[in-house]
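Visitor: Read off the chains here:
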Amino acid sequence: MLLVLPTISFVVVFFLIPLLMVFGQSVYHPPGGWTLWPYFSFFQDRVAREAYFRSIYIAFWTTLFAIFISYPASSAIVSIKNRSLKTFVMTLTVLPLMTNPVARTFAWLAILGRHGLINKLFIWLGVYKEPVRLLYTEGAVFVGLLQLFMPLMILSLVSALENIPEDLFLAARSLGANGFKTFIKVKLPLSKEGLIIGGTLVFTGSITAYVTPAILGGSKVLMLSTLLYQKASVVLDWNMATVIAVIMFLTTLFINGLLRRVGGIRKA
Amino acid sequence: MKTGLFSYFMLVLAIIFLIGPFVIIFSASFSQSQTLSFPPVGFTLFWFQKVVSMPMFINAFKISIQIAILASFFALLLGIPVAYALARFSFFGKRVVELATTFPVIVPQMVAGLALLRIFVLMGVFSINTTLLIGHTIIILPFAVRMIHSSILNLPVSVEEAAVSLGASRIKAFFLVVLPNISVGLISAFILTFITSFNNVPISLFLTGPGVSTLPIVMLTYMEYYFDPSIAALATILIVITLGVVFTMQKLLGVSKII
Numbered sequence: 238m239l240l241v242l243p244t245i246s247f248v249v250v251f252f253l254i255p256l257l258m259v260f261g262q263s264v265y266h267p268p269g270g271w272t273l274w275p276y277f278s279f280f281q282d283r284v285a286r287e288a289y290f291r292s293i294y295i296a297f298w299t300t301l302f303a304i305f306i307s308y309p310a311s312s313a314i315v316s317i318k319n320r321s322l323k324t325f326v327m328t329l330t331v332l333p334l335m336t337n338p339v340a341r342t343f344a345w346l347a348i349l350g351r352h353g354l355i356n357k358l359f360i361w362l363g364v365y366k367e368p369v370r371l372l373y374t375e376g377a378v379f380v381g382l383l384q385l386f387m388p389l390m391i392l393s394l395v396s397a398l399e400n401i402p403e404d405l406f407l408a409a410r411s412l413g414a415n416g417f418k419t420f421i422k423v424k425l426p427l428s429k430e431g432l433i434i435g436g437t438l439v440f441t442g443s444i445t446a447y448v449t450p451a452i453l454g455g456s457k458v459l460m461l462s463t464l465l466y467q468k469a470s471v472v473l474d475w476n477m478a479t480v481i482a483v484i485m486f487l488t489t490l491f492i493n494g495l496l497r498r499v500g501g502i503r504k505a
Numbered sequence: 039m040k041t042g043l044f045s046y047f048m049l050v051l052a053i054i055f056l057i058g059p060f061v062i063i064f065s066a067s068f069s070q071s072q073t074l075s076f077p078p079v080g081f082t083l084f085w086f087q088k089v090v091s092m093p094m095f096i097n098a099f100k101i102s103i104q105i106a107i108l109a110s111f112f113a114l115l116l117g118i119p120v121a122y123a124l125a126r127f128s129f130f131g132k133r134v135v136e137l138a139t140t141f142p143v144i145v146p147q148m149v150a151g152l153a154l155l156r157i158f159v160l161m162g163v164f165s166i167n168t169t170l171l172i173g174h175t176i177i178i179l180p181f182a183v184r185m186i187h188s189s190i191l192n193l194p195v196s197v198e199e200a201a202v203s204l205g206a207s208r209i210k211a212f213f214l215v216v217l218p219n220i221s222v223g224l225i226s227a228f229i230l231t232f233i234t235s236f237n238n239v240p241i242s243l244f245l246t247g248p249g250v251s252t253l254p255i256v257m258l259t260y261m262e263y264y265f266d267p268s269i270a271a272l273a274t275i276l277i278v279i280t281l282g283v284v285f286t287m288q289k290l291l292g293v294s295k296i297i
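Top line first, the protein sequences correspond to chains H and Z.
The first sequence maps to residues 238 to 505 in the numbering used here.
The second sequence maps to residues 39 to 297 in the numbering used here.
Take the hints with a grain of salt, since some may be wrong.
Example chain Z residues on the side facing chain H (calculated, C-beta under 8 Å, incomplete) [claimed, not checked]:
(1) R156
(2) V159
(3) P254
Label pairs and their in silico Cβ distance ranges [unchecked claim]:
(4) L407(H) <-> Q70(Z): 57 to 67 Å
(5) I96(Z) <-> T272(H): 40 to 50 Å
(6) F280(H) <-> K100(Z): 52 to 62 Å
(7) W298(H) <-> I96(Z): 35 to 45 Å
(8) L242(H) <-> V197(Z): 18 to 28 Å
(9) F280(H) <-> G80(Z): 47 to 57 Å
(10) H266(H) <-> P194(Z): 55 to 65 Å
(11) I57(Z) <-> L495(H): 27 to 37 Å
(12) Q87(Z) <-> F305(H): 37 to 47 Å
(13) S246(H) <-> M161(Z): 17 to 27 Å
(14) L407(H) <-> I96(Z): 22 to 32 Å
No lab work stands behind these hints, which were simulated from the structure alone.
The model shown is predicted, which means the values in this text are computed figures rather than measured ones.
Idealized CB from N, CA, C, for every residue including glycine.
For reference, chain H alone in the conformation it holds in the complex (with noise of 0.2 Å):
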């Protein structure tokens, strides 16, 4: 016991508590007692509104693509016999992991700015006569979170998917099913916890995220994470940045809690 006490008391006097009494100052008003009025205030307003709906709307298809990008590209990572190519690849997906957020942002400039990769590409080749505006878009940030969080989910599928013996799918092969049987009655089935892992990941990071939405996005695109940064910083409006923190941490939790269930993963 006096082994773990120094470490929850930091955990709880630094983190908890502190967690807690800003909760709390968001509920609690001294006049009127208890409170849920800023809640709905933040439904109320259109653009607090819209910004919470987009997070969401963005870190579902984030989502969605990371899976349909990520699952035959974990597949093939599985598949490769040859272990040094096999630890080359895993490093190269790695790699983003560990490198500088805003770094790996920048890059997105340098493609879809006005004179970037893409807007000369199309000039080029004459789809667009001007360049056309790709930044500051709900897509450029769609594809900046999607280069962010992806490498969570190949990590997750590549971990999920080695530990399905192989025999199984000569098993069920043997047995008369054919390719697509064999994928959605037992490779998937299989396969459930990382795409739940990774999906968890994905979705909460990118509905978190700061940096991808303030470079990309900007105040043009407003989410949750960067309309949280604008109350605080520029507005110092405290109650109604603490009212989007409480929502951002439930909204996660819930999210948590709900792929959780679905997936039938009881531990943490």
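Model the placement of chain Z on the given structure of chain H, informed by the hints.
Guide: Coordinates of chain Z only, in the frame set by chain H:
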């Protein structure tokens, strides 16, 4: 299951998508043009010279390194006893301890940053530096606990019991037998927490101010006003450092353990 051509095609696509942007930053950092552009124009090392001579970046770099080292050190200091207790003993409230040490991962970091700012900085309990350090330590603590926990689990209990049966006290056995045997785990935990702290934006966002700013935050602010390749040069430097660290780590313990 037979892996079709489609899967390999998607893998190639995924890698291009994940790594392509790095290639672009890398080449853009040598460009002679005044604004960020791709394909790059000409070749120059000007942006590298500019970046390493700007006090703004140098100071932030120093602060980032200091915070990352101190926070990793504290996270290990706090993490080792908990990881050891979790790996070796079963005790009342073990589940609570597990939850408490993973809790910081669940809370969005911006939310934590805001709470620390309001309760500690604005109420004048701690200076902004101290709060920044506390925030970073909290954020990386779960990673430290998890990595140290798994390396203690990999060490057979019998090794420790042998030391105790030969007359060492449990504490002595811990310092002379357990710690040296998990040193690789400790080093990699330190590297991982260091990188996590060094790259962090969301917790630092609210806990930085004039004079106290970490490198990613300064880069972010700079990008709001300037659109030149100096950030690309800085990014290239950071990526090269990261590459070195990733390959060193891989040599130490294999890629599967990094995450």
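Visitor: Hints first: check each against the structure and report whether it holds.
Guide: So, going through the hints one by one against the coordinates:
1. Of the supplied interface hints, the one on R156(Z) holds, with its beta-carbon coming within about 5 Å of a beta-carbon of chain H, less than 8 Å.
2. For V159(Z), the shortest C-beta to C-beta distance to chain H is roughly 10 Å, which exceeds 8 Å, and the interface hint is violated.
3. Taking 8 Å as the C-beta contact cut-off toward chain H, the hint placing P254(Z) at the interface holds, the least distance being around 5 Å.
4. Between L407(H) and Q70(Z), the C-beta spacing of about 58 Å keeps the proposed range 57 to 67 Å intact.
5. Between I96(Z) and T272(H), the C-beta spacing of about 48 Å keeps the proposed range 40 to 50 Å intact.
6. In this structure the supplied range 52 to 62 Å is violated for F280(H) paired with K100(Z), their Cβ-Cβ distance being about 44 Å.
7. Between W298(H) and I96(Z) the C-beta distance comes to about 40 Å, which sits within the given range of 35 to 45 Å.
8. At about 26 Å, the beta-carbon gap between L242(H) and V197(Z) stays in the expected band of 18 to 28 Å.
9. Against the hinted window of 47 to 57 Å, the Cβ-Cβ separation of F280(H) and G80(Z) comes to about 53 Å, which satisfies the hint.
10. As the Cβ distance of H266(H) to P194(Z) is approximately 58 Å, the hint placing it in 55 to 65 Å holds.
11. For I57(Z) and L495(H), the hinted distance range of 27 to 37 Å is satisfied, since their beta carbons lie about 33 Å from each other.
12. Between Q87(Z) and F305(H) the C-beta distance comes to about 44 Å, which sits within the given range of 37 to 47 Å.
13. As the Cβ distance of S246(H) to M161(Z) is approximately 20 Å, the hint placing it in 17 to 27 Å holds.
14. Look at L407(H) against I96(Z): about 60 Å separates their beta carbons, and that is not inside 22 to 32 Å.
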